[in-house]
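Protein chains in written order, with UniProt numbering: chain Y, 1 to 260; chain B, 1 to 296.
Calculated from the structure, these hints are not laboratory results.
Do not rely on the hints blindly, as some may be mistaken.
To be verified - Derived lysine-lysine pairs resembling DSS-like cross-links, with alpha carbons at most 27 Å apart:
#1 B:Lys144 to Y:Lys3
#2 Y:Lys2 to B:Lys144
#3 B:Lys104 to Y:Lys30
#4 Y:Lys2 to B:Lys104
#5 B:Lys188 to B:Lys104
#6 Y:Lys3 to B:Lys188
Predicted model only: the values in this text are computed from it and were never measured.
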Amino acid sequence: MKKFWAWGALAIGLLYFILPLMGMTNFSLKMRRGVYSLDAYAVVLGDPRFQETFTYSVVMALFTILFGVLLVVPTAYWVRLKLPALRPYIEFVTLLPLVIPAIVIVFGYIRLYNTSSWLPLTGSITGTNILLMFGYATLALPYMYRAVDTGLRSIDIATLTEAAQSLGAGWTTILFRIILPNVLVAVLSGAFLTFAIVIGEFTMAALLNRPAFGPYMQLLGANRAYEPAALAVIAFAITWGCLGLIQLVSRFQKGTQSPV
Amino acid sequence: MSSDSSAAKPPARAPFRLPLHWLGAAPFAVFVLLFLIMPTMRIVIGAFQTPDGGFTLENIHGLFTRSILSAYWISIKISIASALLGCLIGFAVAAAVVLGGLPKWIRGPLLTFSGVASNFAGVPLAFAFLATLGPVGLVTVFLKSQLGIDLRLLGFNILSFWGLTVTYLFFQIPLMILIITPALDGLKREWREAAQILGATNAQYWRMVAFPILLPSFLGTLALLFANAFGAVATAIALTGSSLSIVPILLFAQIRGDVLGNPHLGYALAFGMIVVTGIANTIYIWLRARSERWLK
């Protein structure tokens, strides 16, 4: 009897998740009347705007990851090593982007960094791109920081640091040749999640008027019927891919660590 | 950036210990200050300012008009409905897998899938639901042609309160599953055995032991899901355009083109969002701290 209810709950849950995925896949294949075809995908993939915005978002994601790693890894390391008293406060700050809606943060950017301010980032295209990247880094901060901090917890950074120092290593060497390789799996998890967040982000890019993939999808959704479903399938595949890669790298780490 | 800060570190090891090791946290502090704290403070302060910079409560007062209040009210209702249903359904699924005696292999894929689904929000999610429950969506057409049920005649519309709630559930339920599964794992078998030895029935065990232990994480997740739905912009805009007046959509339009005709009312609108999500998250943090006592 208990099993019956358990299977029932699971089945209803699964149905709820599978139906929309089926719906979008089914719809994306129906562009040509009467038969299933990949026409919608061909139209989307062949659209120069798709290629431009997708490339833009991929490049932004890569820069965001690079910046996020350079910001978070040294900070999390340093706080654990020298400033443990600060940890609860830093942790609280890194969770703030989950509390303050993205739309509010970007509203603040627009007011704070407009052309007549002390730091007129929105005045030029490069400036706006940099501002958007900082915004993405802020959105990804909770995930990135938590991933890296968890990674650091599992290694003995104090001993590693002392060992490296007694062999004559400087701080740059310690960070990039000792600490970073040891938390690489955690960093990669954070990086893939950042990628998944940035690639489909809509609010910040739209309000800063940058040609990113999220606003492009929204525009297409407002004007077309079948192409948006194809985009949804592509976006779902990307999310699935990113999360799958996280699983893969963490399994890889377990495999290498177990003999020790 | 990182090498700058690390270059300044060695003096911290000198005998008289200048507090230079604080510099290691400086790049992070500067970034957070410039791109998280200050922008937010700018909004909060702006909500209490007149156009020429004086203090005023007029903007906050301006929120209490019928259209803005109703936008907040719809937003709050959608957030509560999707958080509540998300918690209940997510709990049912998690409980089925953890306690229901289902095969062990289901658990891993379910958690992975939940991770993906809870991140599948925004514009594509709206498309998926339009293709499923929209006017010519898969389920709509199936119900109409095969079972003769017309969702539209039943009053269901994907561009409405329930449409948005059902769509939000797609990322709310998996988030609940991800958070509540560890809590369910934390229910120790000894507690159930102890209760049984003392003569408790199954219902009594749930009502008097398991339920009180799970309640804080349940309520805490409820608050988190609430804030999650309340701040969601992209899904709502892609789904409804601007036909449903909820706070994030109103704020989006205000930032784009000052639809309220008063820039400082925009600050107040955003400030109101911070207050609502802030309250929800304070409840979450407080309750999570309480529930973690049992999960060691």
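**Study point:** Given pair status - B:Lys104, B:Lys188, alpha carbons within 27 Å
**Key:** holds (18 Å)
Check your understanding: Within 27 Å, alpha carbon to alpha carbon, are Y:Lys2 and B:Lys104?
Key -> holds (16 Å)
Review point. Holds or violated: are the alpha carbons of Y:Lys2 and B:Lys144 at most 27 Å from each other?
Key: violated (34 Å)
Review point. Are B:Lys144 and Y:Lys3 close enough, with their CA atoms no more than 27 Å apart?
Key: violated (33 Å)
Practice item. Decide if the proposed pair is consistent with the structure: Y:Lys3 and B:Lys188, CA atoms, cutoff 27 Å inclusive. Key: holds (20 Å)
Practice item. Below or equal to 27 Å on CA atoms is what counts here, so check B:Lys104 against Y:Lys30. Key: It is violated: about 38 Å lies between the C-alpha atoms, which goes past 27 Å.
The structure shown violates the earlier hints numbered 1, 2, 3.
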